[in-house]
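Sequences listed follow chains D and H, in order.
The numbering of the first sequence is the numbering used here, which starts it at 1 and goes up by one.
The numbering of the second sequence is the numbering used here, which starts it at 184 and goes up by one.
It is worth saying that the hints were derived from the structure and are not from the lab.
Bear in mind the structure is a predicted one, so any value in this text is a computation, not a measurement.
For every residue, glycine included, the Cβ atom is placed at its ideal position computed from N, Cα and C.
The reader is advised that the hints may include incorrect statements.
Said to hold, decoys possible - Lysine-lysine pairs mimicking DSS-like chemistry, simulated, CA-CA at most 25 Å apart:
no. : chain 1 : residue 1 : chain 2 : residue 2
1   : D       : LYS168    : H       : LYS185
2   : H       : LYS564    : H       : LYS476
3   : D       : LYS58     : H       : LYS190
4   : D       : LYS141    : D       : LYS168
5   : H       : LYS534    : H       : LYS564
6   : H       : LYS432    : D       : LYS58
7   : H       : LYS549    : D       : LYS31
8   : D       : LYS141    : D       : LYS127
9   : D       : LYS102    : D       : LYS57
10  : D       : LYS157    : H       : LYS191
11  : D       : LYS58     : H       : LYS185
12  : D       : LYS57     : H       : LYS476
13  : H       : LYS191    : D       : LYS168
14  : H       : LYS469    : H       : LYS528
15  : H       : LYS469    : D       : LYS57
16  : D       : LYS157    : H       : LYS185
17  : H       : LYS476    : D       : LYS58
18  : H       : LYS469    : D       : LYS31
What the hints assert, rightly or not - Here's a subset of chain D near chain H, in silico, CB distances under 8 Å, partners left out:
no. : residue
19  : ARG19
20  : GLY22
21  : MET23
22  : ILE27
23  : ALA33
24  : ALA35
25  : PRO37
26  : PHE39
27  : ASP60
28  : ASP61
29  : ARG62
30  : LYS157
Spelled out, the chains give:
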Amino acid sequence: MIEIRWHGRGGQGGFTVSRLLGMAASIFNGKHAIAFPAFGPERRGAPVLAFTKIDDKKIDDRSEVEFCDYVVIMDETLINTSLTTGLKDDSVIIINTQNPEKYSEFFPKPNRIFYLDATQIALQILKRPITNTTMLGALVKVSDVTDLEACYQSIDKELSSGIAGKNKLAIESAYNEVKEYQR
Amino acid sequence: MKLDNSKKLFVSGDEAIALGVRLARPHVISAYPITPQTIVVERLSEMVEDKSLDADFMHVESEHSALSAAMGVSAVGARAFTATSSQGLLYMAEVLSYCSGGRYPVVMMNANRALALPWSIFGDQSDSLLLLGSGWIQCYVEDAQEALDMIIQAYKIAEHPQVLTPFMVNLDGFILTHTYELVDIPDQSEVDEFLPPFSTPNQMSLENPMNLGFSSTPADNLEFKYQQHQAMLNSLSVIEDIDAEFGDKFGRYYGGVLETYQTDDAEHIMITVGTITGTTRVVVDKLRDAGKKVGLIKLRYLRPMPEQALIEAVGDAMSIGVIDKDISFGHEGTIFTNVNSALSKSNQTPKKHNFICGMGGRNISKNDIIEMFQLLEDSVKGKDIPAVNFINLNTSIQEKE
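Using the sequences plus the hints, can you model the full thing?
See below:
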């Protein structure tokens, strides 16, 4: 089973993207997936946690995610030592930042760090700093949890036609821009 | 997610309930929103608005009114749906017995949530377990697919002429209501074949006037209650038949009143209700790989209490554990009481232990369940294990005792 943890702030679409990925992997890739937020009240701007679990077989385990394979950080101001819990040696971290060196101490080797300026991409394409689909594009590039085509289909199904096209562009752009931080 | 006519949708437990309700073609939905049930009511009102569901949506001012209205709908021979949770269910409590005593087969979804105080929006099963005696059939489901399927089955069971008893479908708050997963959506035409329109011999009608919702004297009260009890017992076989019929038509069988997993040669069996079943199944696989003879009984119904099926499923296991997301203060977990009472009617004498956990939304981890199985094994080996065990209780609280 692959477990993905999404970190964002209320309003950035963290829970939406956890569902988009689950939809892509299940409906369009034929795997099984569940997606859920860290349960509780929702507030704009407050830290938001969301999870996607993906597996080849039906997912019975509904307990909290203990160890994750991918940590996707949509907002770098959220990074603190608490984000290092639940990491495995081979966990992969994806950060929305221009300055990955600032965070390498939080995620010591052997965790691999990937980064991109997702906010810039989102501002250019979506005209607002909503980085959820952009970070999905980066995740698709650095993992094999799903593919671009399945993401596009999920977006067509989930988002209104007015914003679907731009979000697909944002995914593609992020897919091309994400880089590994070499340390 | 657009709840369109796709064959497969990636939806939450709450949305699966709304989709199931739409397929069951209720005439009236009367409901009051409460976390974590709110999405059910929101989606249904959207469906009524966009005309994909031909029903009246009654906006009521409370849960008490929601069920009162649903009961009235059922009395004139129409199909009613309502949904609630926690304090909302308790606020409805007065009407629950009116509805069951009047033999109005209303279907209700309950999102299992903790009871105040301390106030909490998070999940446990204290709310519905408090109302086991209210005369409603109580079913507990494990995932969104089962939630959708059980709404369709619920109407068929509740409206069966030998049952005519209201039906509560329980979903663990958040863990199921707010988790998104893949759900197969049955065809409307097949659901229509499976679930014919509601008709009842007790219909309020001007053409055929009769006394409904009446009072009784001591001379006949017991006879009414006896019939109500008998109807609930009748539902045991109806549940099995309808589970089989549903499986034949839609390809999904749920085992009727309960589902067993790896129980045939099991020495230690965990009994679960609701979503914790899935995590326990994963633990059973893990322990089986390590050579432990463990199994699982998923108790799908608590009313009617499937006593005979439970006795047979436990077989000659050496121990059983019962996971309760509830505590009846001063006694034990309510599911444990019910399971214990059922097993006392057989000659089996397994060690029996109750595990209180998951209260107010607390996570129950795989390691917690492994620990529970270990306690069962220790008990069989002669170690003195209490009947009631609180799992993951903060040690500073324990020390104060």
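Results of checking the hints against the structure:
1. D:LYS168 to H:LYS185: Holds - the C-alpha atoms of LYS185 (chain H) and LYS168 (chain D) are around 18 Å apart, at most 25 Å.
2. H:LYS564 to H:LYS476: Holds: LYS564 (chain H) and LYS476 (chain H) sit about 14 Å apart, inside 25 Å.
3. D:LYS58 to H:LYS190: Measuring from Cα to Cα gives roughly 18 Å; hence the hint holds.
4. D:LYS141 to D:LYS168: 14 Å, holds
5. H:LYS534 to H:LYS564: Holds: LYS534 (chain H) and LYS564 (chain H) sit about 10 Å apart, inside 25 Å.
6. H:LYS432 to D:LYS58: 22 Å, holds
7. H:LYS549 to D:LYS31: Cα-Cα ~23 Å, so holds.
8. D:LYS141 to D:LYS127: It holds: about 23 Å lies between the C-alpha atoms, which stays within 25 Å.
9. D:LYS102 to D:LYS57: Violated, at roughly 39 Å.
10. D:LYS157 to H:LYS191: Holds, at roughly 12 Å.
11. D:LYS58 to H:LYS185: 23 Å, holds
12. D:LYS57 to H:LYS476: 23 Å, holds
13. H:LYS191 to D:LYS168: 22 Å, holds
14. H:LYS469 to H:LYS528: Cα-Cα ~32 Å, so violated.
15. H:LYS469 to D:LYS57: Holds, at about 16 Å.
16. D:LYS157 to H:LYS185: 7 Å, holds
17. H:LYS476 to D:LYS58: 23 Å, holds
18. H:LYS469 to D:LYS31: This hinted pair holds, its Cα atoms lying about 22 Å apart.
19. ARG19: 5 Å, holds
20. GLY22: Holds. Min distance 6 Å.
21. MET23: Since chain H brings a Cβ to about 4 Å from MET23 (chain D), closer than 8 Å, the hint holds.
22. ILE27: 6 Å, holds
23. ALA33: 7 Å, holds
24. ALA35: Hint on ALA35 (chain D): holds, closest Cβ of chain H at ~4 Å, below 8 Å.
25. PRO37: 7 Å, holds
26. PHE39: 4 Å, holds
27. ASP60: 4 Å, holds
28. ASP61: OK, holds: ASP61 (chain D) within 8 Å of chain H, min 5 Å.
29. ARG62: Holds, about 5 Å.
30. LYS157: Cβ of LYS157 (chain D) sits 7 Å from chain H, so the hint holds.
Hints 9 and 14 from the list above are not met by this structure, while the remaining hints are.
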